[in-house]
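Undergrad: Here the protein sequences come in this chain order: A and B. With the working numbering, letter number 104 in the first sequence gets 104, and the count goes up by one each step, no holes. With the working numbering, letter number 46 in the second sequence gets 46, and the count goes up by one each step, no holes.
Hints are supplied without guarantee of correctness; some may be wrong.
[To be verified] Heads up, simulated DSS-like pairs for lysine-lysine below, C-alpha to C-alpha not over 25 Å straight-line:
hint : chain 1 : residue 1 : chain 2 : residue 2
1    : A       : Lys96     : B       : Lys57
2    : A       : Lys96     : B       : Lys78
3    : A       : Lys54     : A       : Lys104
[Said to hold, decoys possible] Negatives, chain A to chain B, calculated, CB over 10 Å:
hint : residue
4    : Asn45
5    : Gly52
6    : Lys96
7    : Gly100
[Said to hold, decoys possible] DEER-style ranges, computed between Cβ atoms:
hint : chain 1 : residue 1 : chain 2 : residue 2 : range
8    : B       : Tyr102    : A       : Gln55     : 19 to 25 Å
9    : B       : Gln54     : A       : Arg22     : 31 to 37 Å
10   : A       : Lys104    : B       : Thr115    : 24 to 30 Å
By construction, these hints were calculated from the structure, which means they are not laboratory data. Heads up, the beta-carbon is just placed ideally off N, CA and C, and yes, glycines get one too.
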Amino acid sequence: GIQVEQSPPDLILQEGANSTLRCNFSDSVNNLQWFHQNPWGQLINLFYIPSGTKQNGRLSATTVATERYSLLYISSSQTTDSGVYFCAVERRGYQKVTFGIGTKLQVIP
Amino acid sequence: GAGVSQSPRYKVAKRGQDVALRCDPISGHVSLFWYQQALGQGPEFLTYFQNEAQLDKSGLPSDRFFAERPEGSVSTLKIQRTQQEDSAVYLCASSLTVAGSYEQYFGPGTRLTVT
């Protein structure tokens, strides 16, 4: 099956700092999403981004499908950004969605 | 309308009991997915429905796991003779159209603890 690797696995940021999270995948994909799982376990959609660049407030994402990676940028981080960030991909020709292991982010005041 | 809802939110079962977990997708969403998330891990795919048809059940870990969506809306994940290794959060997601072409929206999950 498709492999999804996320880095870094853990990240501690001072409030106000910027960060970049990376997702590498091993095969062509139809679908790529970034999620934030909050401390209560709810998965919140951040971006649906099989290719290209999108921005939403302090967050932006870029997927380069031909090179099989995606980046999530968090600027001016806030304590409410803490949680686990997941990349999830759907391999072309399959319905099954594969998640990475996530990046655990802690933003400290 | 409202987002994806799941019930119960928490379930404690004694080993050997049967459990049933319910998912109410967003109204009008064609596709429905079940995932299992162990502590500290990412969600793992269990099964996928397009309307009432179960198109992929390759992720179900054993024949004790069974899912249905008889009218193409509400879905139930049933686990028979629960084992301790079944303890996890079970997540349901729905999407507007067929898999591969639209984003998935997740429910809050059901945390199952088998004692």
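Undergrad: Of all the hints given earlier, name the ones this structure violates by number, lowest first.
TA: When the structure is compared with the hints, numbers 4, 6, 7 turn out to be violated.
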